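Following the hints, put chain B in place on chain A, whose structure we already have.
Number of protein chains: 2
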Amino acid sequence: MPVQERKDLLTYKGAGVDISAGNEAVRRIKRLVAGTRRPEQIGDIGGFAGLMGLPAGVGDPVLVACTDGVGTKLLVAIALDRHDTVGVDLVAMNVNDLLVTGASTLFVLDYIACDRVVPERIEALVSGIVDGCKQARCALLGGETAELPGLYARDHYDLAAFAVGVVERSKMLGPTRVKSGDVVLGLRSSGLHSNGYSLARKALLDPAHAGLAFADRLPGDPAGRSVGEALLAPTRIYEPAFAALRGLEHAPLHGAAHITGGGLLENPARALADDLALELDLSPLELPPVIAAIAAQGVGVRELLRTFNCGVGMLLYVDPAHVDVVRAALAAVGEEPYALGRVVARAAADAPQVRLAGASWMGGAVEVE
Amino acid sequence: MPVQERKDLLTYKGAGVDISAGNEAVRRIKRLVAGTRRPEQIGDIGGFAGLMGLPAGVGDPVLVACTDGVGTKLLVAIALDRHDTVGVDLVAMNVNDLLVTGASTLFVLDYIACDRVVPERIEALVSGIVDGCKQARCALLGGETAELPGLYARDHYDLAAFAVGVVERSKMLGPTRVKSGDVVLGLRSSGLHSNGYSLARKALLDPAHAGLAFADRLPGDPAGRSVGEALLAPTRIYEPAFAALRGLEHAPLHGAAHITGGGLLENPARALADDLALELDLSPLELPPVIAAIAAQGVGVRELLRTFNCGVGMLLYVDPAHVDVVRAALAAVGEEPYALGRVVARAAADAPQVRLAGASWMGGAVEVE
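Protein chains in written order, with the working numbering: chain A, 64 to 432; chain B, 64 to 432.
Keep in mind that the hints were calculated from the coordinates and are not lab data.
All of these numbers come straight from a predicted model, not from anything done at the bench.
Mixed in with the good hints, there may be bad ones.
Same chains, same names: a pair is fine if it fits in one copy or spans any two.
What the hints assert, rightly or not - Below, simulated SDA-like cross-link-like pairs (lysine to any residue); rule was C-alpha separation at most 20 Å, straight line:
1. 76 - 216
2. 93 - 183
3. 242 - 74
4. 242 - 253
5. 234 - 117
6. 76 - 270
7. 234 - 106
8. 234 - 110
9. 234 - 98
10. 234 - 104
11. 76 - 272
12. 76 - 87
13. 242 - 390
14. 234 - 282
15. 76 - 358
16. 197 - 421
17. 76 - 271
18. 242 - 183
19. 93 - 81
20. 242 - 118
21. 197 - 396
Next up, chain A with everything else stripped away, as it sits in the complex (with noise of 0.2 Å):
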């Protein structure tokens, strides 16, 4: 083979890495982050790395991080090629984390990897992450697009996000502030969210099992949504619902939990000290219905509850005192929390920390050790 040939046949370009369309993804991608800017933003210096100052006001302030992605609901968007909500989901997984120890949200930064860069389908990717950062108040302050010939299959695509937040030493939620007696309210979810989807597809989709296609009407839907539609609906994101409770006097918020993988079974007892239980009457929760649906395939109570959120996507401790100026202040941005139990003394430090009780799907309690 001459020397000439086997240079041309030596780039990057041939060794499955475009350069060219990364530029344009990035093109396209810079005018849609532009609307997340916020003020305490500073000039990039040439995009090694974001920069962010500290909100005015927070005089000790601590910084607070998370990681997650958005698991194998993106097999479902891949297989709709649907990619303008996921990125939604993304900014919500990690942002409900961090808001549960009381931060407001300061940035995000995605990570996008896929086997080869699509302007357009990067473009819807980011669209939905930037949809994200504006519910949740929060820059897109960077990010990565790879391209990863051999890692990823034709068209298929991994994301990840990390958000950073910042709060108030002194008003830091948890387990040092819930208190027994503390009343505990359930944020409505909007569906799946991004947990649990392998055992979704298996129910929904497996031959086996419903056997239905994405196409197909969701049983028992009254919204009558495909069953993609349904697979696909977005994360829902609380920023709103803890802003409206962050100004509140005396404080009535102590603590919160984000129902994600692990659900009712794993979460709830995270915000809470090792001296306290949570008593939960699930009898209030309405299943979604893809949920109900795939509970219908035949899914035990326990692992139902331990997969899913089964209806409520955030729990949150409050002050007995002021549950009625905590209702008032979600009701105004639109909230309808469930009351869903209290929290109590444990009765030994080796009792479960969690009972569920109530819901007629459930068939009995369940003890949570």
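Okay, now just chain B, sitting in the frame of chain A:
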């Protein structure tokens, strides 16, 4: 199919997600991660998020944040079944971007996504990340291990990380500080670092080019390493070098450029104002053996300069009045920087901003628009 049997089938594990393997991986990781703890760190709130105070003595803090992955260097680690070094690369790619702003590192978060959780492999990956965090003097504040069956091929995985640092606003490096006359020093790379692996693998492994196997000796390597060893050499982390310069009188470091994707063509000007340019003489550079072996397969000089670091992982733009002090401080941490040229006034607004000359392997001068 009887209902009981279907219930038994429809579990999260049956759908490909093994929570107990995940828990075992978490147990192994915790011990490793504890070794990176920083004094500013605050005990977690149920692990929903990582919490970190700011270091003392920063009056007007600016947060600096980056995200990056390791690219297709992972395919080398996967092929060699050697997973304990790519974590160093992951931290390095983020931290080196962060350092050029003048920031000190604070924390890193990692995202590991795989087709199935093999606890030993996750432990190896995290041990590399922890090694990198120790080199970079930052905490591993959190992370996510995502099991995504169907999105990754068998035994494949991807890594992403996010790094956050902090810089006193008045001490930020970059375009506002770099001046005509500044001396350009280059810190040595350890090999490919984490860029250009798609081209590197094609040049070295493809039967149409060098056709080597990972176990073959790398041609021309004085250290006698195998191709696999040379390809996996971890990226250098320049935090010790920057730390040595941070405390110097007269703040002689004005700016820096991480030689990452885009190589010596696209990165050096990123730390310059538009009215400045660089005259770089690359003749002192020794091409690392792995890059020389790739070049020998017939990669054009522009492609080489744009894809690989060509032996220099970081450029420093230094006050000419204090170069000796800088050299002495770098020598104290084991750095022997190359003298590569200087910052000059740009001839015209449309004149090239970088002029590279001198290396015998370049075959002449290269101008960059």
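Using 20 Å as the alpha-carbon threshold, which applies to residue 234 and residue 117: within, between, both, or neither?
-> For residue 234 and residue 117, both the intra-copy (16 Å) and inter-copy (16 Å) Cα distances are at most 20 Å.
Up to 20 Å between alpha-carbons, please classify residue 76 paired with residue 271: within, between, both or neither.
-> between (43 Å within a copy, 16 Å between copies)
Copy assignment of residue 234 with residue 106, given that the CA separation must stay at most 20 Å = between (30 Å within a copy, 15 Å between copies)
Identical-chain pair category, residue 242 with residue 118, by Cα at 20 Å | neither (30 Å within a copy, 31 Å between copies)
Same-copy or cross-copy closeness of residue 234 to residue 98 [CA-CA at most 20 Å] = neither (30 Å within a copy, 28 Å between copies)
Taking 20 Å as the upper bound on the Cα-Cα distance, should residue 242 and residue 253 be classified as within, between, both, or neither?
-> Classified as neither; 29 Å inside a copy, 54 Å across copies.
Taking 20 Å as the upper bound on the Cα-Cα distance, should residue 197 and residue 421 be classified as within, between, both, or neither?
-> Neither. Shortest intra-copy (37 Å) and inter-copy (50 Å) distances fail the 20 Å Cα cut-off.
Intra- versus inter-copy proximity for residue 74 and residue 242 (alpha-carbon distance at most 20 Å) = neither (63 Å within a copy, 35 Å between copies)
How do residue 234 and residue 110 come out at 20 Å by Cα distance, when the copy is not named: within, between, both, or neither?
-> Only across copies: residue 234 and residue 110 sit 18 Å apart there, 34 Å inside one copy, limit 20 Å.
For residue 76 vs residue 87, is the C-alpha pair at or below 20 Å within one copy, between two copies, both, or neither?
-> within (15 Å within a copy, 41 Å between copies)
Between residue 76 and residue 216, at a C-alpha cutoff of 20 Å, which is it: within one copy, between copies, both, or neither?
-> Result: close within a single copy only, 18 Å intra versus 23 Å inter.
If the cutoff is 20 Å on CA atoms, where do residue 76 and residue 270 land: within, between, both or neither? Let me know, please.
-> between (41 Å within a copy, 18 Å between copies)
Checked against the numbered hints above, the structure breaks hints 3, 4, 9, 14, 16, 18, 20 and satisfies the rest.
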